[in-house]
Amino acid sequence: MWDGICQASQNFANPLLLTMLVVGCLSGLIVGIIPAIGGIVGVTILLAFIYGVPPEIGMTLLVAFGSVTYTGGSITAILLSIPGTPINAATLIDGFPMTQRGEGGRAVGAALTSSGLGGIFAGFLALLSIPLVAPIVMNVTTAELFLLVMLGLSFLAVLGRGSMIKSLMSGAMGVLFALVGFQATTGTPRFTFGSLYLYDGIDIVPVLLGLFALSELIDAHLKGASAISSVMQVQGIGQVREGVKDVFRHFWLWLRSTVIGYFIGLIPGVGGETAIWVAYGMAKQTSKNRAKFGTGCVEGVIAPEAANNAKESGALVTSVVLGIPGAAIMAVILAGLLLVGITPGPKMVTEHLGLTLTLIMIIIASNLLGCVLCLFAAPWLIRISRIPFSILLPLVWVLVLTGAYVRDESLWNFAVLILFGILGFLMKRFDYSRPALALGFVLGTLAELYLIHAVYLHGPFFFLRPASLSIVLIIVLLPLVPYLRRVALYLGRLFGKKS
Amino acid sequence: MKTKGSSLFLLFTLAVGVAFLFMSLSLPSIQDKLAPLLFSGFLIILAVAEGTKTFLKGGAERAERPGKRGEAPQVGLSPARVKELAAWMGGPILGICLLGFNVTIPLFILSYMKLNKEGWLKAVVIAVAATAFFVFGCEHFLQIRLYKGWLFELLE
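Sequence order for the protein chains is W and D. According to the numbering used here, the first sequence is numbered sequentially starting from 1. According to the numbering used here, the second sequence is numbered sequentially starting from 1001.
These are calculated hints, taken from the structure and not from any lab test. We put the beta carbon where it would ideally sit given N, CA and C, even for glycine. Treat the hints loosely; a few may be bogus.
[To be verified] To be clear about the criterion: a stretch of chain W counts as covered by chain D if any three or more of its residues have a C-beta under 8 angstroms from a C-beta of chain D, and this derived list gives those stretches:
1. 409 to 417
2. 445 to 451
[As the list claims (entries may be wrong)] So, partial list: chain W residues that the calculated Cβ filter (under 8 angstroms) puts toward chain D:
3. Lys-166
4. Met-169
5. Val-175
6. Leu-179
7. Gln-183
8. Thr-188
9. Arg-190
10. Thr-192
11. Ser-195
12. Ile-218
13. Leu-393
14. Pro-394
15. Trp-397
Using the sequences and the accompanying hints, generate a full structural model.
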């Protein structure tokens, strides 16, 4: 272990590695801010530049880039209601209403601090847990994976701002839309109506852009041209500082969300989306301000942001130690490892321990750098929300159209964008939960895949395995938490009066 | 009017559930139909429950009130505004399909800003800057080829 630490420290003293760290961080932040392009596209492009480069240098570029993409993505989610990456979708639920209320700076400050510190803390967790994770992760079967996805889906009921039934309906619709296209295990085309475009399923980027960005543009336009700009009044650096303080005011929430993000990141194939929604749902269920969630509550910004960067450390550990990508972006990073001549797997904690520790230290350093850079640039970044609507609308609309197109360079994405934009607007108008639909859409395919595997491997009663049963218990108890709290409060008052 | 809209949307969700349910029944294997049947059935039950709840609570008005915490906008849909919106949203898409991104981006930004009474200088500078950003960012930095437009492809 000491040899590894010494080698990692030696690597870190290399000026070229530090240069790559800065380049990776800056480009990751910029790509994160641009909606829909996302970390995977960026990392894939960077792959082309690391061939033949020493492993620690090439991997620094990729890991630094991937670590801070979500930090940048939170800025547009909060200020423009456009999630820079799909992972930032949870942030806008409370972040954007804060901007509309004139507290965009505070939300940005809270998001950046929570995100950066979450990534740093999870990096240290990864350093400590490397010797422990391999046996744990190897024991997770598809039954538990399915139930973990269902745990994410069970938060649909928690996420809805109004009626629980409407939230569940939105989630079920999201899952159904996710099932369009080839079935993953049999290859049967479903619900495609013979359209070649639909054979690969409905693309997630135009769906999210439609649900969140286009629906807001439609709403703003129908309210009147100056509707957004008239309510957005960001106070500047003072607000950003207030946001930073908010993270320390809600220290336990931040810590809990970071730990949730890290551990969900460790589980291969569950995806970062689960981590952020579980963190958000947990924050809502345990908060005293539960009713304020969704209307611009800073806790709703802190929780998903802490989880989104924290899960990258967990995903990296699983990816390099077991060779199983813990998140989509990690699959590309694994390809990067192979390109520089390193085979991921258990040897990463024996032969290449120095490199593994270097990568984790890069995550810590890039989160620190990304957080500091963004906090310093925040006063300029939050000016985006002061731009008049007559300038903002065409720019955002062009950004949305470009974002929808570049994902797979298909013009049909515009049709999906418009359809989901109208659906999102109507859902907003009639008080259905758009985040619930997005979550169902994101997790739908995974849920189906794991369900089929679990039934085939463990039979129809797969959920009775001890590990699975504990997750089932959490799923069942989660929606009951508010009621249990009321009972506890009632009993507390009752016994208080008696004594 | 709003009550009608809400009920229609509820019917739409019910129709989505029913459509998926019937389409699932014709799928060949249990692996193909297990999840769609499960979730469409769930959606139908929930839609019926929501409809019943609204009906029983005499909730035409209650159902229409846009959420306790006010997510829904408090605006009506005037036909003129909807037409204007459709033009602004559909125009650029049609433009991209016909003329490509490189021509549509500056044209759209310029025309939108001018019609909203922004100055010429500001409109031109922003249109040019935005075009340069998108074209350079996508085509040179990200190596993504933006669509050239049907008309230009025809000329080539």
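Results of checking the hints against the structure:
no.: 1; hint: 409 to 417; verdict: holds (count 3)
no.: 2; hint: 445 to 451; verdict: holds (count 3)
no.: 3; hint: Lys-166; verdict: holds (6 angstroms)
no.: 4; hint: Met-169; verdict: holds (5 angstroms)
no.: 5; hint: Val-175; verdict: holds (5 angstroms)
no.: 6; hint: Leu-179; verdict: holds (5 angstroms)
no.: 7; hint: Gln-183; verdict: holds (5 angstroms)
no.: 8; hint: Thr-188; verdict: holds (5 angstroms)
no.: 9; hint: Arg-190; verdict: holds (6 angstroms)
no.: 10; hint: Thr-192; verdict: violated (10 angstroms)
no.: 11; hint: Ser-195; verdict: violated (14 angstroms)
no.: 12; hint: Ile-218; verdict: holds (6 angstroms)
no.: 13; hint: Leu-393; verdict: holds (7 angstroms)
no.: 14; hint: Pro-394; verdict: holds (4 angstroms)
no.: 15; hint: Trp-397; verdict: holds (6 angstroms)
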